[in-house]
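Whenever a hint applies, use it, and build me the whole structure from the sequences.
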Amino acid sequence: MLQFALRRIAIALCVAFTVAVFSFFLLHLSGDLAVSIAGPESSAEQVEMIRVEYGLDKPITTQFVEWLWKAMHFDFGRSFYFQDQVTTLIGGRLGVTMTLGGLALGFALLIAIPLGVIAAIKRDTWVDRVALTISVFGQAMPSFWFGLTLVLIFAVNLRWLPASGTGTWKHFIMPVIALGTYAMPAIMRLTRNGMLDVLASDYIRTARAKGLHPATVMFKHALRNAVIPVVGLAAVQLGFMLGGSIVIETVFSLHGLGHLAWEAISRNDYPVVQAVVLLLSVVYIFVTLVADLLNAALDPRMRAN
Amino acid sequence: MSETTTDALTEALPKVSPVARMARRALGHHGFMIGATVLGLIVLMAIFAPLIAPHDPYAQDVSRRLIPPVWDAKGSWEHVFGTDKLGRDYLSRLIYGARISLLIGALAALISGVIGTALGVAAGYFGGKVDAAISYLITTRLSMPVVLVALAVAALVGGSLKIVILVLGFLLWDRFAVVTRVATQQIRHAEYISAARCIGCSVWRIVLSEILPNILNALIVVATLEMAHAILLEATLSFLGLGVPPPEPSWGLMIAEGKSYMFFKPWVIVIPGIALLVLVLAINLLGDGVRDVTAPENRN
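Chains A and B, in that order, are what the protein sequence lines are.
Residue numbers for the first sequence follow the numbering used here, so the first one is 1 and each next one is one higher.
Residue numbers for the second sequence follow the numbering used here, so the first one is 1001 and each next one is one higher.
It should be emphasised that the hints constitute simulated quantities derived from the structure, not laboratory data.
Remember, it's a predicted structure, so these values are computed and weren't measured experimentally.
There could be a bad hint or two in this list.
Unchecked claim - Stretches of chain A that chain B covers, calculated by requiring three or more beta carbons in the stretch to come under 8 angstroms of a beta carbon on chain B: (1) 20-27; (2) 81-88; (3) 129-139; (4) 243-257; (5) 263-270; (6) 273-287.
Think of the CB as a built atom: it goes at the ideal place given N, C-alpha and C, for glycine as much as any other residue.
Given below as structure tokens:
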């Protein structure tokens, strides 16, 4: 277990470094930053001044090493637009996005796992078909459009919830539903298929044959094993949702990391963009690492490779 | 005696080729049929857009702004889905918009399919260090948030149809790689592959004529999923103002343009949203259908 954990952590660190390299060079190679920052109407001298001021005249490898060194100390420089330290900006917004992501994942799991279990137990009945229909629609719906539709129904027509903003817990209800629905179909399908596989296995037949209560068989024997792969998927989905929060936060004007990223992107505020890309990637790497270790602890077979 | 009876019985049975059997199964599969029909109609609509569209999708008419659709009391058959804030016919824009969605979906899936399949088959076939390196690449790609990276690149380079296709094509190859890698691993030690190697086939020959045909069904399923994914992402990018630029009738852009007055004219966002939903739903149903129809465990 220790060996597995150490190797897994080493890989995670390498991936994080590769992502850092990528997110740095992606922005530096896809255009001349000095020109983009200065804007289309600036003169050659102004562009040159900006190049020197932001250190863009140095060799790109030097820039990268300096950036990475500072990034490892949580210093991403100053934002071009907000006139504030990037770290301060992100720190102020991180809470909203983490709350949104966590609640959305909780919502998705709360709906998807029971639905998947029921669909598997009542296989090929109308319950199964309803669950399947929900997952198919959930997958096909653009999440920003679903968010806007929720606003139309619950904020405009019924006037139950505020349409946008960050103030109270009520502001989180619609974003959580919109973002959670995005993650639900995959979790539901995996739970259903996992349950079907487990229910067909020998040890479930044995458990039934020795006369255990059906509920005990279902929850203690079957569900426990069926849910193991869901742990890994939930981690992956949390990562996707942090990426998807950029859309949902923009729709609902929720002032989190995603909204910050969108503002930064539309204003060519590269220090912020780089920091957010790196941060979200590192969070994803960390969460999947935890899920892998958790899986290995739950299921010794996972440690084999 | 008994042999002749069996022969006679075999003679009596209609000869059905595997393709015909698959076609028969497809015809009986509701999801496949619905998906194929709807997608077929949308493709036809996109191809013949100039013949079907009642108006020019770019023609503005300030005197005809925000006319409601035909089912509204103030609507008329002149503009079936009404008009937008610049007086452009909504139905015509919707019909032309199908071209953008389908083009981006198909080309992005094609690019990412080529990249992902090449990586996945190489990882699955060679194994060892190649597999480790490619798996590492897949992990790295998966840890980067797609929407964010696509937005950042589009903002830097400037959003356009070409950029959106390229960015999505170079970002969405992960699932292709994951699925083809596993599928190749499963058949790598099959007898026909060993046989091909024994008679001296080159690696290219083995990959192209032995491996690819045998993982084709998995590949088609992933291609439909990624096409749907790319269409939704294009709509998202355009909605955020960094995808296909105006005045193109991208469905995502139509929703973005309608967002500011959706409180009074909800149909401006409802109509293009439903169009997206129907298209993606059709593609997903088709993909699920292909998986069911071609799945080896059903092959009997």
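Status of the hints after comparison with the structure:
Given as covered by chain B, the region 20-27 of chain A passes the check, having 4 residues with a CB less than 8 angstroms from a CB of that chain where 3 are the minimum. Three residues within the 8 angstroms Cβ limit are the bar, and the region 81-88 of chain A against chain B gives 0, so the coverage statement is violated. Figure legend: the region 129-139 of chain A, annotated as covered by chain B; annotation consistent (3 residues with Cβ-Cβ distances under 8 angstroms, at least 3 required). A count of 5 residues in the region 243-257 of chain A with a Cβ less than 8 angstroms from any Cβ of chain B is obtained; the coverage claim is therefore met, three being the minimum.
Counting residues of the region 263-270 of chain A whose C-beta sits closer than 8 angstroms to any C-beta of chain B gives 3, which meets the bar of three, so the coverage hint holds. With a cut-off of 8 angstroms between beta carbons, the region 273-287 of chain A has 7 residues touching chain B; three or more are needed, and the interface restraint holds.
Checked against the numbered hints given earlier, this structure breaks only hint 2.
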